[in-house]
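Fit chain to chain and form the complex, with the hints in mind.
Order-wise, the sequence lines are chains U and V. Position one of the first sequence corresponds to residue 1267 (our numbering), numbered consecutively onward. Position one of the second sequence corresponds to residue -14 (our numbering), numbered consecutively onward.
Rough simulated footprint, nothing fancy, chain V against chain U, three-plus residues with beta-carbon under 8 Å:
| id | region |
| --- | --- |
| 1 | 1375 to 1384 |
| 2 | 1936 to 1945 |
| 3 | 1956 to 1969 |
| 4 | 2004 to 2018 |
Derived from the structure by calculation, the hints contain no laboratory data. Model, not experiment: these values are computed from the prediction. Cβ coordinates follow ideal geometry from the N, Cα and C atoms, glycine included.
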Amino acid sequence: MSIGQPVTRLDAEAKVTGRARYTEDLLPAGVLSAVYIRGSVAHGRVLDMDLSAALALPGVEAVFTHADVPRLLYAPAGHPFSLDPDHADVADRLLLTGHVRFHGDEIGVVVARDELTAQRAASLVAVSYEELPVLTDPREAMAEEAFAIHPGGNIVKQDGFSVGGDVDALLAQADVVVEGEYQTPVTQHCHMEPVVAHAYMEDMERITVVTSTQIPHICRRVVGQALGLDWSRVRIVKPYVGGGFGAKQDVLLEPMVAFLAWKLGRPVRMALTREESMITRTRHAMRIRGRAGFARDGRLLAMNMDAVSNTGAYASHGHSVVSAGGGKLCSMYPHAAVRFHAATVYTNLPIAGAMRGYGSPQIIFACECLLDEAAKALDMDPLDLRRINAGRPGDVNPRSGKPIETHGLADCLRLGRERFGWDERRAAAQITQAAPEIRRGVGVACFSFNSGVYPVGVEISGIRLTLNQDGCVTLQAGATEIGQGADTVFAQMAAAVLDLPVTSLRVVSTQDTDVTPFDPGAFASRQTYVVGPAVKAASLELRARILNHAALMTGYPASALDLKAGSLVATRQPARVFMSLKELALDAYYHKNRGGQLTAERSVKTRSNAPSFGCTFVEVEVDIPLCRVRVTDMLNVHDCGVVINPITAKGQAQGGMAMAIGWALYEELLVDPRSGRVRNNNLLDYKMPTFLDLPDLDVAFVQTAEPSGGFGNKSLGEPPLLSPAPAIRSAVWNATGVKADFIPLTPKALFPLFRDAGLLEGAR
Amino acid sequence: MYAFESYHRPQSLTDAVALLAANPFARPMAGGTDILVRLREGHKDYADIVDIHGLPELEGMSADRGELRIGSGTTFAALMTSSLATRLAPMLIEAAGWVAGPQIRNTATIGGNICNGSACADSAAPLLVLNAHLDLIGPEGQRLIPLRGFHLGPGRVERRPGEILRSVRIKSEQDQGLGTAYVKYSMRQAMDIATIGCGAGVRLRDDQSNGIVDELRLAFTVAAPTPVRCPTAEAAARGLPLSQAVKAVAEALDQDVSPRTSWRAAGDFRMHIIRTLAERMIRTAAKRFASSAANHQEARTC
Ligand SMILES: Cc1cc2nc3c(=O)[nH]c(=O)nc-3n(C[C@H](O)[C@H](O)[C@H](O)COP(=O)(O)OP(=O)(O)OC[C@H]3O[C@@H](n4cnc5c(N)ncnc54)[C@H](O)[C@@H]3O)c2cc1C
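Chain V on its own, in the form it takes in the complex (with noise of 0.2 Å):
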């Protein structure tokens, strides 16, 4: 038994945004699996929803030019078996694929997963790393903005009142040139809450494993309030070799992340955590990076 105060349906993305904007304690509602659990806790925030679940206009992806469009109602499930997302965006694939088990999959959403603001979002991680933006609409209009920076902290985005997300978008892995990796540290391999997740994409210089950085991106979840992208380690590594480019990163991480002490993990054994799976995601997205520019390579040749 759940405590709702109110429940609506809306038919269409503009009666959802009207309604929204008619209220201003009532959410939206796509898969329910962070706002049920909050409303059995008691949760007062919650109680009055507007259901966007299954609104054709958040439904679907599709590419454009290169940028992938996902709806932001489809599941993990959908994505996961989306041949369109794993050919363009296979980091988040890989993400999707951490993310609790195959009965919430099929109904979480990535839009839920964002709007949520939670820093161990595991879609937040390849997201940020892959420059994705967002296409919301509400009572004042339509805007598109990158990810970064939407999360203001635990819980807490950058959606204006009465804005639904309607997709989000990224531009295809291969066009951004980039080898990636993402991994979930967590105590379970299923049905878990990141202690650490890290993404990393990674574009060297000389096409090989051991070559140049040209560019890293790094991101990790619950490495701080909000899920992080890491400048200093970006900056650090850059123009090294890839072996001294790992040293630099885990020298200078320090400065982008803080992790905090709690009874889940002390902050000394999340700060090795972050080291370590810094080094292996992008020592992965690297070898990623140089066999697929490899493929491509030879796939130009012949």
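If we strip away everything but chain U, and leave its shape as in the complex, we get (with noise of 0.2 Å):
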């Protein structure tokens, strides 16, 4: 049985030793090279561009501007597509723009025989605006009078809900209430492969884009409606991809790709530089109001959330982010009513799109601090109070109204206070907590999410499954590996299903939309809950047609044969033999009168959406005089159902936990107010945290079986990364006595509130 393995990744040593293959790896012989012509401003209408040095400069094949595409406004969100029109995504982009909404907003693209060339080129253009005025606050964009960044307004979406009880009067009748307000930066994916990506066509219909996407099928559909053509003319492929954490869950530079392409009819690629990759997606800051009211045994009796999110020049995913964020919370502490509302507003910062987490972690951000605010108001442990107020199997999800069958997060609350030490490393840290230099502190934080769309989108997986020759078995999936591990877990449900051992299964990491089966792609941290059905479907298929060319051979009856390790058995008598699986898949190719190719497609739509849950132990140790945070242990543990691979979970939380550290600690993309211009959009000035600034990270898990997942499981994609920021806050407040209601805590942020608070003054 493959469940539960600690199988090596598939890919692993292609990818260690360079042999695997990403977009820029796969570039057409003839290419040219494009580089976009950018926006100088962070607001304003160009009114005119010289193009004469640029055109003249040898080398350079084309020059278009915003003159010279499609005036169709589509939406690059990857989003599945919606059959309600009240539902589909804000389509507000062109694929060049004369109306600058951003800093490195994309006015015109340079076309040129090297990549040198189109950037000198690109620098030649000179460009004259009508400057408008810069909007990066989005309370200021909220403002009635504040000028439309976009002909609807600032205003993308405001909506919210209420749900299990009646908020205000719970909140009247609560004996504390507490209340605050919480602001999270700007921060970037920061994936190892930039944004890239080339087109090219081989007949005089049809476009191919190679690319470094989640969301192939998404992209094709998107590519078709920004340049107007049915969607089957354009082919998405995707290689090996570089990591995307959510930026790559858009669409990006494959629209304009594929217009050069066909402009020219030669095939042209693009390559962000790190610089511009920063600027293209982001995750969104938000600032949320939030109050809480609790009963004196600690019960949390309602919460009331009011959210602000900047999505920047252009809505990409737009009011969904936060939404989700809202909706995905109510599952952790499903006793309490909850009241939510959020309002998603234009600024003239860079886009901001989907993100590990989206939305999540900034709402689970001011949940998990308005509860350390009631332990602290009620003289509780912190974990104790969320030990308390956490869901039990069985428990209704508010928001849903469906039961939640596996709930593990008390079991997770449990098995961590053992295993952390809580208890004892909180005694141990009081002690240091009056020290004029060095202290410490602990902190704890929970977290709730999903394990995919449903039913705010459609949830459809398509797996395929070719037996070749020598008994090897085919794997193709809609579903895409990009980075985490999908194709080995695939394989191992498959092999499961099928009885075989892992190595007997092919992956075929590459989607094309060509030929791969449909499923929308990496995001949501859907793949491994929703595929997981679609393996079995197809497994179980390719196994009952592998059982029935078996009784074609035999003469047996399919029913009294089975498929064990690799070969045909009797199935009351596992130990007779009758053949391989690969004489049985050469009689099936090569006999002159019975069988076939044996394969088997699925396509199967998950109903359901399992809710995973898990929290973050921590303790950080505060240099006072240095203003300095080190988180000196971690611990996350997770309800992410059966664990279907262990070392690739793992991975995924420890990627997690790091990701968080540096969005709690370190990150965030600082910009000109006045100018609107992102002063560090490089990896120097923009301070992702080393191997040297992360603790060892511990993972435990807390295996739930959950029923409606293929194999048990639910979601660990994003879920990793949910609850250490708030953990962190709360620890170094344990440390310090000083509360930060804002995070990254960066020095230069702590240095102020640790002198407001006196605590630099043994220092002097």
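Dropping the structure here:
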């Protein structure tokens, strides 16, 4: 049984030896390079672009501006298409714009024989602007009289919900009411492979785009929409991807390279620099006001949250992000009433889109900060407060109205308390908390998440299995490997159902929309959950076909035959081997009178969405005079249902924890409010932590058996990122007595807080 | 892709000097870890390259009567694995460990670090504290000058046209009678540029960690437009018991440094860090002086 086995990633060796091929390794001969001409104001109208110097540069093939592109507004967000027009994504993009909405907006494109020439030419284009007011703060942008960045105004959308009871009445009854206002920064994914794509045409009709994307099938549709082409005229090929984290759950360069290849009839590539990648998509900064009421015994009665989400210059995923964050919160403490309201606002910042966690990190940060306020007010251990409120299996999620079949949060807290040594560490830390220099503190926080997008969006997943002549099985999935290990767990699932060793599975890692079964792609921590049922169905079907063919060969009924460890055996006497799968396969392919190629293809829609849970325990050491926080120990405990692969699950968790430490302590994209220019869109000034900045990251699992998951599993992709930040913020508060209502807790941000709290007087 | 205009790879130091003398725009390139970053940004100043990487005259380390000679082409990785340098200039090795990460340290040279003229060069504080000298060779011949004074401003050094830094010379820490310490305060523990770098060298009068300060040398990076020594603070500390000396330094430091306010960090924050680091590095250096003096004593008695 391959489920639960520590199978080495199928692509591990190819990736570390450099054999794995990525988009830029696949360039066609004669490819031209294209570079954007970017707006050099944060808000303005292009009055004139002088292209003469650029066009005169030897090696330049063409220059296009906003005047040359299709007048088709399109929505790049990587969501499954919605049949409900009210649910469609906001179509606010053109391939190139004459209305510059952020510093670096794409106003033209140069195509040249090489990248250096294209860059030089782009820098030779003189542009004059009518400058418009620059809005970077959503509060200003929301004002009645604010300049409209888009024709419909600056509020992309606002809405909310109220579930589980009358929030106002419950707050009025509560013994203790706490409140706070919390702020989270603009951050960036920093995927290793930048944003890259190229396109070519092999006939007069169809365009092939090779691209580093999480969402090949969605990408095909959006390229079709942006260029006004039938969707099947576009073919997207997705080779190995060097990370996406949500930035590539968006359609980025693909429509442009397709447009250029179409216009010029020649292959064209684009590869954004790191600096450009960092202003291409970001995480939404949010400001969240919250109030929560508790009974004296610690029961959370009601929580009210009001969030403002800054989506930057274009909607991209827009309002879905903050709204998903609110929606996914309700299964964590399901006995409480929750009222949630959110507004998503345009500003002149780079575009915020999808990023690991998708609104949940921000909302959970606010929620867990409120719980810490309450623990203080009630004089309770913050861990006990969470234990009291954690849901139990069978509780009804007030938002979906559905029972939560597996709810492992309380068990996660129990396991973590022991494994982390919460009580001992908390007591030991307290002893340091009057020291002038080095203090320790501990923190804990919880999260809930979902395992897909249903019922907000469709959940559809396709798998094709083919029995090869040698008895190995080729697996094609529409779901994508982007570094998270998806291919490996798909192989494990198929191997489990077919009773084959994982080494007998050949996973086609490349998606090609001409041939790959349909699946929208890697996002929403959905793939293992929604692909599972498709793998299971296809595997069972292939197994049945194999047994049918074995019946033809042996003359026994298929029901008397079984596939065990790669051999065809008698059901009643598994030791009696009729033939190997290879022998059967050769017969099926080449016998002149019977059989055929044995394949199975299933497309499965999932109509459930299991919430997953977990928590973070953290210890920090604060060097007070240096205003510096160091995470000394961190444990994440996850209820992701059945763990399909313990090595890759642990790696996924550790990656998320590291990313969360970056969000909590290090990373923020800084914008000059006057010019709207990003100051640190490079990896020197954007302080993503290194290995030396991270502690050992401990991970534990509470394995529940989720009945709706194909193999008992629930989501694990994004969840590891969700709870560390509030736990870290809480630990800093515990260590120093200084409560920050924002992240990241950088030294320069802590300095004024420590100074005002009188902590720096000892150090003069 | 880089926008080179010309590229030469001379086989000897003499040829390199001649090539530089022949083209006033040409720049020597050692590891290229500063130059290539700038070329990528499209800087015109770095388009004509004379590649001095690997020239034998710039390689290697040696010692002569307690003076360490480090070839300018020595990488930080080579420095860190040199037992000679570790014995004679432990402070420089401590600083080398703070440079970037292993990949860059395998390429970046000490010569490039100094000649780049950056206020945040990690080798600058230890070399200033250790009163290092630079051995330069140019069309007009050779000269030996103190490092102190070589930095003129951001990105500007007192290097004459066509000159190449051949080696760095340091008298051993032991002969100078100093306990030393360096720390880089940066947002990350690797792959980062200093917010403030601080190096201290201390000699105590009576070999005790709480003894009288006989000599203090204190240097900072990023605390001014160039790496700086702190003459006022150093003078203020002289003759005082360590704990008083530390206080006197904190008060005098304003005179020696001029941290700026930028979006990266506010001036008052930098000043606070400067004072905190000064205290910590002086104390660490004093402790090291006392323990090495004690070891020395022991070695002599047995
Ligand atoms: C990712 C990264 C991280 C970094 N981190 C750090 C860090 O933590 N600390 C730090 O201090 N620096 C850091 N740097 C900067 C750089 O690596 C160092 O300054 C390095 O020592 C430069 O040496 P080089 O041999 O690569 O210099 P080069 O780039 O070859 O040259 C730099 C300058 O010095 C001149 N030059 C070089 N050699 C000579 C010579 N012999 N004579 C005369 N002029 C010469 C060149 O003309 C040029 O102006 C980092 C750089 C990168 C890319």
